[in-house]
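If you want the building blocks of each chain, they are given just below.
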Amino acid sequence: MAADHSHATLAHDAEGNVSPPEHTHPDWGTYKWVALILTVLTGMEVWIYYIPSFTKTNLFVPTLLILSAVKFTIVVMFYMHLKYDAKLFRALFVGPLTFAAFTIVGLLFLFGHLKISF
Amino acid sequence: MATAAIDAHDAHMGGEHPPTSTGLNNTKVAIWTFIGSECFFFASLISTYLIYRGRSPVGPFPHDAWTDPATGHVFKAILNIPVTSVSTFVLLMSSLAMVLAHSAVVRGDRRSSKIWLASTAILGATFLGFQAYEFTSFVHEGLTIHTNLFGSSFFILTGFHGAHVTAGVIWLLTLLFIDIKRGFSPDEAINVDVCALYWHFVDVVWIAIFTLVYLIK
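Line order of the protein sequences matches chains A and B.
This note's numbering numbers the first residue of the first sequence as 1 and each following residue consecutively.
This note's numbering numbers the first residue of the second sequence as 1 and each following residue consecutively.
In isolation and in its complexed conformation, chain A is listed as follows (with noise of 0.2 Å):
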């Protein structure tokens, strides 16, 4: 199997071995800022759980969804490595995740949490 890691960009020396990339995951500065990022936008979610007028309006669940779907694609991404892994490592978590949603979305169907109006 010809595993992909195109993510990684190999170097080589004058015999033709094959050396490591020289950065291949985050650094300090780059953990800092996703948990400065992660933070603020958990604050903007605790904030506008606050704003009565927001919450009542048709904004306030899909804001809340889009901001823990980027809290939680930012996790996946630089903390669990994704983003620089191999990508079979993301095809064993992208797809169990993508079918688990659907369930989810399915089973709200079925018992009627979600509908449909033609």
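No lab work stands behind these hints: they were computed from the structure.
There's no promise every hint is true.
Just so you have them, the derived chain A footprint on chain B, three or more residues with Cβ under 8 Å [to be verified]:
no., region
1, 21-32
2, 39-45
3, 50-59
4, 83-89
5, 92-103
6, 188-201
7, 204-217
All of these numbers come straight from a predicted model, not from anything done at the bench.
Ideal placement from N, C-alpha and C gives every residue a C-beta, glycine not left out.
Take the given structure of chain A and dock chain B to it, following the hints.
Positioned in the frame of chain A, the structure of chain B alone reads:
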């Protein structure tokens, strides 16, 4: 050639391993497969919670006050968002400590790896303390696993998440014990890496639970 390149990459990341058919470390393949299966597990619990949401004939309710018609007792909204927001922040910071622990092991910095592994375990235990406080206060306020559909689905969902955090804390303490006893060489960073992947997964599950259970009214 491709396998040699992958091995070189893994060696650089502290994940040197014997040749495999995929060219990838089998331990990492296993933990990602396990995490994939955990997606289904938590999806079933989350969908159960969402299906039963708003269908409890009796309170207490998560976001609204409820008056018991038989006794006239008023139950206030049960969820304590400020406390849970702090515990969410604690779990997010534990993920930061975890990546720093892994990074320290990869660099061969034994002092930092011990500090960050201990920090992650302490933050995880703090999260569990918040959860124990929350569960106890709910029971005192009249919500148990038997009270209504909300109580059953809430305690099952967050309880199973808490059990995962507990397993993660035990795993972290085991790694910390090994690190104190003999230390991890950069070649053994995969041992910390798989624990880190599990820990971050527990974190992302909480990101979903915090929004779906606590914030969406």
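Tell me whether the statement that chain A covers the region 92-103 of chain B is true, taking a Cβ distance below 8 Å and needing three residues at minimum. holds (count 8)
Confirm or reject the coverage of the region 21-32 of chain B by chain A under the rule of 3 or more residues with a beta carbon closer than 8 Å to the chain's beta carbons. Our answer is that it holds, as 7 residues pass the Cβ test (under 8 Å) against chain A, meeting three.
Taking beta carbons only, do three or more residues of the region 39-45 of chain B come closer than 8 Å to chain A? holds (count 5)
Against chain A, does the region 83-89 of chain B show at least 3 residues with beta-carbon separation below 8 Å? With 3 residues in contact (Cβ-Cβ under 8 Å with chain A), the coverage given for the region 83-89 of chain B holds.
Would you say the region 50-59 of chain B counts as covered by chain A, given the rule of at least 3 residues with C-beta under 8 Å? Coverage by chain A holds here, the residue count being 3 at a Cβ distance below 8 Å.
According to a criterion of three or more residues whose C-beta lies within less than 8 Å of a C-beta of chain A, is the region 204-217 of chain B covered? holds (count 9)
Counting residues of the region 188-201 of chain B whose CB is closer than 8 Å to a CB in chain A, do you get three or more? holds (count 4)
The structure meets every hint from the earlier list without exception.
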